[in-house]
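Taken in order, these protein sequences are the chains called A and B. Heads up, the first sequence is in our numbering, so the first residue is 5 and it goes up one at a time. Heads up, the second sequence is in our numbering, so the first residue is 5 and it goes up one at a time.
One or more hints might be untrue.
As the list claims (entries may be wrong) - Cross-link-like lysine-lysine pairs, in silico, DSSO-like; alpha carbons within 27 Å at most: (1) Lys171(B) x Lys38(A); (2) Lys11(B) x Lys277(B); (3) Lys38(A) x Lys168(B); (4) Lys198(B) x Lys165(B); (5) Lys91(B) x Lys10(B); (6) Lys55(B) x Lys44(B); (7) Lys198(B) x Lys38(A); (8) Lys156(B) x Lys98(A); (9) Lys198(B) x Lys44(B); (10) Lys91(B) x Lys156(B); (11) Lys198(B) x Lys171(B); (12) Lys165(B) x Lys38(A); (13) Lys156(B) x Lys105(A); (14) Lys219(B) x Lys236(B); (15) Lys197(B) x Lys38(A); (16) Lys10(B) x Lys280(B); (17) Lys10(B) x Lys219(B); (18) Lys219(B) x Lys44(B); (19) Lys156(B) x Lys38(A); (20) Lys197(B) x Lys165(B); (21) Lys198(B) x Lys168(B); (22) Lys171(B) x Lys219(B); (23) Lys171(B) x Lys197(B); (24) Lys105(A) x Lys209(A).
Treat the hints as calculated values from the structure; they're not laboratory data.
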Amino acid sequence: MKLRVPLILCFLCGLLMIVQFFIPHPPFTNMYEKLLDWAIIISIFTIVIGLSSLIKLHYTRIARKTPERPYSVVVFVGMAVMATVGIINGVNGKEFEWLFKNVQVPMQATMFSLLAFFIASAAYRAFRARTLEATLMLVAAIVVMFARVPIGSFLWQHIMPDSVLQWRENLPEDVAGWIFNVPSMAARRAILLGVSLGAVATSLKIMLGIERSYTGSGE
Amino acid sequence: MADFIKKIANIDRRYIFILIALTVIIPLLFPIGMPVTETKEVMAVYDYIEKLPQGSAILVAMDYDPAALAEVYPMTLAVFHHAFSRKIKVVGMTLWNTGAALGELAMREAAGDIARVGEDYVYLGYVVGDVNVIMRMGEDISAVYPTDYGGKPLAESPMMKGIKNYKDIALIVDIAAGATPELWVAYAGDMFKKDIAVGCTAVSAVGYYPFLNTKQIIGLIGGMKGAAEYEKLVKSRGTATAGMDSQSIAHILIILLIIIANISYFVMRRKDKLLKKA
Numbered sequence: 005m006k007l008r009v010p011l012i013l014c015f016l017c018g019l020l021m022i023v024q025f026f027i028p029h030p031p032f033t034n035m036y037e038k039l040l041d042w043a044i045i046i047s048i049f050t051i052v053i054g055l056s057s058l059i060k061l062h063y064t065r066i067a068r069k070t071p072e073r074p075y076s077v078v079v080f081v082g083m084a085v086m087a088t089v090g091i092i093n094g095v096n097g098k099e100f101e102w103l104f105k106n107v108q109v110p111m112q113a114t115m116f117s118l119l120a121f122f123i124a125s126a127a128y129r130a131f132r133a134r135t136l137e138a139t140l141m142l143v144a145a146i147v148v149m150f151a152r153v154p155i156g157s158f159l160w161q162h163i164m165p166d167s168v169l170q171w172r173e174n175l176p177e178d179v180a181g182w183i184f185n186v187p188s189m190a191a192r193r194a195i196l197l198g199v200s201l202g203a204v205a206t207s208l209k210i211m212l213g214i215e216r217s218y219t220g221s222g223e
Numbered sequence: 005m006a007d008f009i010k011k012i013a014n015i016d017r018r019y020i021f022i023l024i025a026l027t028v029i030i031p032l033l034f035p036i037g038m039p040v041t042e043t044k045e046v047m048a049v050y051d052y053i054e055k056l057p058q059g060s061a062i063l064v065a066m067d068y069d070p071a072a073l074a075e076v077y078p079m080t081l082a083v084f085h086h087a088f089s090r091k092i093k094v095v096g097m098t099l100w101n102t103g104a105a106l107g108e109l110a111m112r113e114a115a116g117d118i119a120r121v122g123e124d125y126v127y128l129g130y131v132v133g134d135v136n137v138i139m140r141m142g143e144d145i146s147a148v149y150p151t152d153y154g155g156k157p158l159a160e161s162p163m164m165k166g167i168k169n170y171k172d173i174a175l176i177v178d179i180a181a182g183a184t185p186e187l188w189v190a191y192a193g194d195m196f197k198k199d200i201a202v203g204c205t206a207v208s209a210v211g212y213y214p215f216l217n218t219k220q221i222i223g224l225i226g227g228m229k230g231a232a233e234y235e236k237l238v239k240s241r242g243t244a245t246a247g248m249d250s251q252s253i254a255h256i257l258i259i260l261l262i263i264i265a266n267i268s269y270f271v272m273r274r275k276d277k278l279l280k281k282a
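Given these sequences and hints, build the entire structure.
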């Protein structure tokens with residue numbers, strides 16, 4: 005019974021959502037709108053789950069006196085400050101906005117900006133034409149990097165003689181465009197189709213009760 | 005010579021970090037002003053908004069966080085600038101919780117003195133739900149957002165009187181750092197038959213060419229270059245245009261580093277083969 009009720013509910017809700025798609029008339033449209041409203045409300049509880057999970061993780065680190073516990077203290081202090089300021093003055097308040105603009109935005113942007121340095125270093129160390137596939141990838145990467153910035157067109161148009169420019173005014177951009185629109189798109193489309201078919205198969209398995217991980221039964 | 009090649013191959017990565025830092029900082033301080041040429045993907049978005057009648061409404065979903073700011077914030081401002089200058093109403097919202105405050109900042113900055121909140125634009129903010137939010141807004145926007153981000157009831161906004169759902173929206177522009185364009189295309193585009201334009205980071209842009217090819221999206225603004233192209237089209241020079249010089253020089257540096265690394269690799273490999281033969 006404990007397992008059957010969620011499985012039956014899951015099947016019925018899934019079936020209703022499929023049926024309403026093909027019958028866009030009352031009462032199915034009303035049912036569809038209500039289900040969406042309920043789904044949005046239930047989604048809000050995921051924030052509570054995420055928050056409790058974060059608190060549990062960092063509290064455990066502090067309690068066990070792990071070497072990283074100062075950072076866990078920082079997490080709690082940051083959470084408390086932002087929550088307090090947001091609740092007291094509102095998310096539109098000057099204080100919350102100041103904290104967001106001057107603390108969170110620069111820190112998050114900086115973390116992401118570090119990638120530029122590590123990518124350059126990784127490219128220098130790891131990007132080697134060891135095999136045919138690696139060479140193809142290397143050539144494609146160099147062409148795209150060259151063509152996707154203004155200097156690519158600029159150098160091409162200032163270095164190449166007029167006869168070549170008459171044949172191809174912007175060859176780097178044309179080649180990069182071909183890479184995006186032909187081989188890259190073919191691969192991306194194949195991945196999208198595979199993922200979509202996988203999502204359909206998984207959804208059917210969940211609806212039919214074959215996939216039961218959401219019930220916590222471990223199957 | 006072989007020792008020199010070996011030193012080059014194993015150079016301390018801090019030298020590479022310094023070179024990258026210099027290639028980014030110097031062009032920002034001493035701009036070169038390299039010309040930006042528009043691509044047809046960006047032109048498609050510009051032309052679509054340019055052809056919209058005055059008084060139309062567009063929905064701009066700002067689905068990004070501060071990490072992607074450098075690439076997508078300039079294109080957000082450029083799109084808003086374009087819409088406001090053409091007297092097109094803008095409904096702003098986001099599916100990313102860390103983007104909620106950013107969206108409000110962007111709309112306020114772009115609006116300046118040329119657009120007024122409630123009359124020319126409304127910022128709805130963030131509601132948890134992703135797909136559910138997209139689908140529900142297709143029926144009734146006020147059911148998901150009864151108030152705007154500032155807490156004012158949507159019914160009190162003069163602009164929202166004529167906007168109930170996607171039928172009253174001419175174009176949806178999703179400016180994203182993640183995979184939300186796929187959700188907008190699948191649910192708003194295919195289910196509700198809305199035209200979708202996508203702005204995204206350069207890394208993600210290549211993934212949206214299949215949608216561009218099948219006309220599921222009408223145009224694509226990819227990365228900082230796409231943002232710079234849009235700034236050029238709307239004649240509003242911003243941080244994307246300023247960043248193009250740095251990005252150009254940094255790309256050339258990385259290409260040169262890769263070439264040097266491969267030359268050293270092949271020289272070392274040849275030397276090892278000769279040693280083994282000997």
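Verification of the hints:
no., hint, result
1, Lys171(B) x Lys38(A), "holds, 20 Å"
2, Lys11(B) x Lys277(B), "holds, 19 Å"
3, Lys38(A) x Lys168(B), "holds, 17 Å"
4, Lys198(B) x Lys165(B), "holds, 20 Å"
5, Lys91(B) x Lys10(B), "violated, 62 Å"
6, Lys55(B) x Lys44(B), "holds, 16 Å"
7, Lys198(B) x Lys38(A), "holds, 23 Å"
8, Lys156(B) x Lys98(A), "holds, 18 Å"
9, Lys198(B) x Lys44(B), "holds, 21 Å"
10, Lys91(B) x Lys156(B), "holds, 23 Å"
11, Lys198(B) x Lys171(B), "holds, 8 Å"
12, Lys165(B) x Lys38(A), "holds, 23 Å"
13, Lys156(B) x Lys105(A), "holds, 23 Å"
14, Lys219(B) x Lys236(B), "holds, 25 Å"
15, Lys197(B) x Lys38(A), "holds, 22 Å"
16, Lys10(B) x Lys280(B), "holds, 18 Å"
17, Lys10(B) x Lys219(B), "violated, 51 Å"
18, Lys219(B) x Lys44(B), "holds, 13 Å"
19, Lys156(B) x Lys38(A), "holds, 24 Å"
20, Lys197(B) x Lys165(B), "holds, 22 Å"
21, Lys198(B) x Lys168(B), "holds, 14 Å"
22, Lys171(B) x Lys219(B), "holds, 19 Å"
23, Lys171(B) x Lys197(B), "holds, 9 Å"
24, Lys105(A) x Lys209(A), "violated, 45 Å"
In summary, the structure is inconsistent with hints 5, 17 and 24 from the numbered list given earlier, while agreeing with the others.
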